[in-house]
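**Student:** Protein chains in written order, with the numbering used here: chain A, 1 to 517; chain B, 1 to 313.
Just so you know, these hints were derived from the structure itself, not from any lab.
One or more of the hints may lead you astray.
What the hints assert, rightly or not - Beyond 10 Å from chain A on every Cβ pair, some chain B residues (computed):
#1 183
#2 184
#3 264
#4 267
#5 304
To be verified - Estimated spans, in silico, between C-beta atoms of each pair:
#6 75(B) - 17(A): 44 to 54 Å
#7 413(A) - 22(B): 40 to 50 Å
#8 150(A) - 115(B): 48 to 58 Å
#9 118(A) - 286(B): 54 to 64 Å
#10 233(B) - 467(A): 46 to 56 Å
#11 408(A) - 257(B): 19 to 29 Å
#12 413(A) - 286(B): 17 to 27 Å
#13 428(A) - 115(B): 25 to 35 Å
#14 45(A) - 154(B): 26 to 36 Å
As the list claims (entries may be wrong) - Partial list, computed: chain A residues near chain B (C-beta under 7 Å):
#15 62
#16 427
#17 509
For every residue, glycine included, the Cβ atom is placed at its ideal position computed from N, Cα and C.
Take a look at the letters that make up each chain.
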Amino acid sequence: MPENDIGGAKRPANPLRDPRDRRLNRIAGPSSLVLFGVTGDLARKKLMPAVYDLANRGLLPPSFALVGFGRRDWEHEDFAEEVKAAVKAHARTPFDEAVWAQLSEGVRFVRGSFDEDDAFLRLKDTLEELDAKRGTRGNHAFYLSIPPKAFEQVCRQLSKHGLAQAEDGKWRRVVIEKPFGHNLESARQLNEIVESVFPADAVFRIDHYLGKETVQNILALRFANQLFEPLWNANYVDHVQITMAEDIGTGGRAGYYDGVGAARDVIQNHLLQLLALTAMEEPISFNADDLRAEKEKVLAAVKLPEDLSTHSARGQFAGGWQGGELVQGYLEEEGIPADSTTETYAAIRVDINTRRWSGVPFYLRAGKRLGRRVTEIAVVFKRAPNLLFLDQHEQEFGQNAVVIRVQPDEGATIRFGSKVPGTQMEVRDVSMDFGYGHSFTESSPEAYERLILDVLLGEPPLFPRHEEVELSWKILDPFEEYWASTGAQPEPYAPGSWGPASADELLARDGRSWRRP
Amino acid sequence: MIIDLPNTTTSKISKEITNMRHRGGVVALGRVLTLVVITKHGYEEEAIEAANEASREHPCRIIVLVDSGRDSADRIDGQIRVGGDAGASEVIVLRGYGRLAEESESLVAALLLPDAPIVAWWPHGAPKDAGDTSIGRIAHRRITDSGNEPDPTSALYRLRETYQAGDTDLAWTRLTNWRIQLAAALDQADGSPVTGVTVEGASDSPSTVLLASWLTLAFDAPVTIVADPAGTGIRRVRLHRATGDIQLYRPGLTVAELTQPDQPNQRIALPRRSLQDCLSEELRRLDADEVFGEVLASGLPRTNLRSVQPSER
Ligand SMILES: NC(=O)c1ccc[n+]([C@@H]2O[C@H](COP(=O)([O-])OP(=O)(O)OC[C@H]3O[C@@H](n4cnc5c(N)ncnc54)[C@H](OP(=O)(O)O)[C@@H]3O)[C@@H](O)[C@H]2O)c1
């Protein structure tokens with residue numbers, strides 16, 4: 001009889017499981033999610049609603065428990081009310097009393113702050129009570145939705161009180177949010193702390209971009225089709241642009257944002273992950289190890305430009321009119337020092353030193369208060385040799401492009417030239433568009449739903465491991481050090497524009513220009 | 001928007017759809033399949049509503065063939081619904097009279113989306129052999145609903161005799177959540193084998209029979225069906241084991257209770273699924289459901305269908 005080893009012990013396989021029976025979704029096994037930072041933005045807007053949505057989709061076990069830890073004078077019921085309010089305000093799926101009643105039976109609150117030993121003893125009691133009364137069977141995930149400077153303390157407390165160590169056949173996991181340090185050095189320190197308490201495979205680092213359907217679709221687009229992959233290399237690709245633009249300012253996150261800046265905030269994690277997925281070789285399977293190995297190979301092959309000054313740009317948004325609204329400049333925003341040198345826009349060029357990509361620059365840009373909110377990957381192809389259309393301007397039929405829109409309006413676009421009707425042989429660029437919202441579900445699961453479920457199931461492929469974090473810092477650190485060494489103020493740019501002039505020059509030097517997303 | 005085209009032909013309807021696209025706005029963008037609903041007069045709106053809802057997850061073109069009476073003169077009345085009246089899809093209703101009342105490929109050929117897969121659905125009145133009907137032959141998936149047949153059990157046997165890859169039945173879809181919970185409970189159990197099974201459910205429900213057949217096939221152990229009054233759905237599954245039984249019990253219509261050895265009783269929301277829910281699940285995967293085929297072929301004949309009354313146990 002075939003065997004499986006759920007929870008370490010060998011047992012006969014479950015006769016009700018048949019790999020061909022694809023209607024049977026995997027639901028999480030008995031477990032609890034312990035949430036630190038329950039009053040935070042992330043917990044209320046994303047995490048608690050995602051937990052409810054999972055319950056509503058029937059993907060959580062009947063024994064599931066949600067434990068909140070925080071410094072509020074709350075009873076279990078008060079916390080349950082908080083969760084309910086957050087769910088009603090932010091959940092994706094409709095509110096259902098029966099689902100809520102079932103879920104709320106497993107809601108607990110532990111009052112305390114991170115330095116309080118007693119609080120962690122109470123947490124321990126609560127988890128034991130849940131194991132006995134609710135049937136969570138010793139499986140617990142700790143979600144640290146708290147400021148990174150508190151990670152160390154919480155990890156040590158969990159370890160000190162025996163909460164981080166799993167007994168045989170049970171598991172303990174920890175989930176941490178970005179930022180994973182602010183440079184290579186601090187990332188290593190953070191990792192040492194976390195991995196001194198939890199084994200490496202019990203640490204789940206959230207990069208919520210990787211939970212997005214469109215990001216996972218990059219792999220489907222590239223490897224499930226015959227159409228793109230033959231062209232996906234230096235023979236045909238001219239360059240790649242990866243953009244993450246926001247139309248808002250720091251929006252209440254000033255304290256976090258200042259001193260961090262656009263490059264550390266998103267290029268180091270989201271954009272380099274997108275680069276890795278776009279550029280990596282085909283993994284031999286979707287196993288975590290195989291997938292991460294390919295991502296790490298391509299990140300390790302990234303080559304930085306010799307002269308960082310001409311291959312990078314930084315900007316800071318000024319005040320002015322943006323889309324009919326008068327907005328403040330970064331330096332005037334509340335909580336930002338008037339002499340801050342933090343960039344709100346960053347663009348860099350990197351190359352990838354592999355056979356596939358040699359000579360193909362990857363341009364990465366990220367910024368706030370730009371023209372509109374958009375995240376996309378544009379693979380721009382080389383120009384076709386032009387023998388026939390000599391009398392035409394190059395602008396009119398330009399370079400083919402495959403654009404993967406990550407958000408909003410998820411989908412993909414292909415640009416190609418087409419004859420203009422009625423003219424003799426006039427060619428113009430047109431778009432062919434695939435929109436997720438058109439072809440699939442109107443409401444695809446939120447990234448956090450997928451990620452929380454994967455944590456509970458113990459499936460790591462969508463979580464970057466420490467090596468990837470290190471490699472990404474190795475790419476970004478030289479830029480950061482160069483920028484710090486100049487001591488210069490980032491170049492101001494108008495709100496609602498597409499960044500500072502130096503960013504345009506960065507591409508113009510290479511004879512290229514940014515796409516208008 | 002609803003456009004009526006009385007006494008028409010499918011090529012006129014097709015032309016009207018193209019016109020609507022040119023006039024602006026209404027595009028068949030990204031439709032992933034054509035859903036052909038074969039039904040009879042009086043039953044169409046319920047099916048259209050479920051299909052519209054399902055189309056929000058799977059944008060599709062919905063063609064509804066309504067048998068409107070075979071005694072009238074031959075005629076087709078067409079209707080096109082788009083925008084707010086049609087979910088994320090476009091609905092084409094063809095009311096056929098006389099010799100045009102019967103479904104046929106030639107009737108819909110001009111309206112099928114190019115290249116896209118075809119799903120045929122008989123919400124009421126399953127044909128004798130779905131795969132051998134004119135639409136069934138070109139469909140990638142054929143959905144029947146034995147729960148709406150006058151004699152559900154014999155409907156299942158008929159399905160069994162005519163089964164081919166791509167056939168499916170909503171009585172099976174209604175079981176998915178029960179099957180998920182049972183499989184998950186067994187994932188956590190010690191390896192002690194299941195020596196017998198009791199399935200309790202409505203005597204008129206083909207889902208009860210299919211659940212019993214699936215479990216018969218999976219465990220190779222005797223399965224007893226306990227008959228509840230008609231209309232109650234599935235109520236209980238008990239897996240008998242030497243180290244303690246596992247039971248999933250739903251006394252009402254929404255909340256079920258899971259009992260396992262050495263574990264506290266647990267409750268879980270397990271509501272009856274809506275038609276739209278079931279249809280969405282069916283449209284999610286268009287390849288053959290081999291497990292369903294095996295449950296019909298090997299599970300059903302081995303299942304003891306002689307049910308006992310609850311008191312007889
Ligand atoms: N918000 C986002 O969109 C976003 C995006 C990416 C990553 N992240 C990351 O996600 C995590 C949470 O973000 P957030 O925006 O939700 O943070 P936040 O709004 O600042 O919330 C922080 C939480 O930590 C709690 N906390 C802080 N110090 C504590 C202490 N000594 N004892 C007990 N509780 C303490 C706070 O509780 P009190 O209410 O008691 O102060 C609050 O619930 C952070 O790691 C952040 O970097 C957030």
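**Student:** Measuring from the C-beta of residue 427(A) to each C-beta in chain B, is the shortest one below 7 Å?
**Tutor:** violated (23 Å)
**Student:** Taking 10 Å as the cut and beta carbons as the points, is residue 267(B) off the interface with chain A?
**Tutor:** violated (6 Å)
**Student:** Regarding the hint that residue 62(A) lies at the interface with chain B, is the smallest CB-CB distance below 7 Å?
**Tutor:** Holds, about 4 Å.
**Student:** Using Cβ atoms and 10 Å as the threshold, tell me whether residue 304(B) really stays out of contact range of chain A.
**Tutor:** holds (19 Å)
**Student:** Closer than 7 Å between Cβ atoms is the bar; does residue 509(A) clear it against chain B? Give me holds or violated.
**Tutor:** violated (39 Å)
**Student:** Just to be sure I understand the hint, the distance between the Cβ atoms of residue 118(A) and residue 286(B) should be within 54 to 64 Å; is that true here?
**Tutor:** holds (57 Å)
**Student:** Cβ-Cβ distance between residue 45(A) and residue 154(B): within 26 to 36 Å?
**Tutor:** About 54 Å separates the Cβ atoms of residue 45(A) and residue 154(B), which means 26 to 36 Å is violated.
**Student:** Within 48 to 58 Å: is that where the Cβ-Cβ distance between residue 150(A) and residue 115(B) falls?
**Tutor:** holds (55 Å)
**Student:** Would you say residue 183(B) is clear of chain A, with no C-beta pair closer than or equal to 10 Å?
**Tutor:** violated (4 Å)
**Student:** Is it true that residue 413(A) and residue 22(B) lie within 40 to 50 Å of each other by Cβ?
**Tutor:** violated (23 Å)
**Student:** With 44 to 54 Å as the target window, see if residue 75(B) and residue 17(A) comply at their CB atoms.
**Tutor:** holds (53 Å)
**Student:** Is the hinted range of 17 to 27 Å satisfied by the C-beta distance from residue 413(A) to residue 286(B)?
**Tutor:** Hint holds: Cβ distance 26 Å, inside 17 to 27 Å.
When each numbered hint is compared with the structure, violations occur for hints 1, 2, 3, 4, 7, 11, 14, 16, 17.
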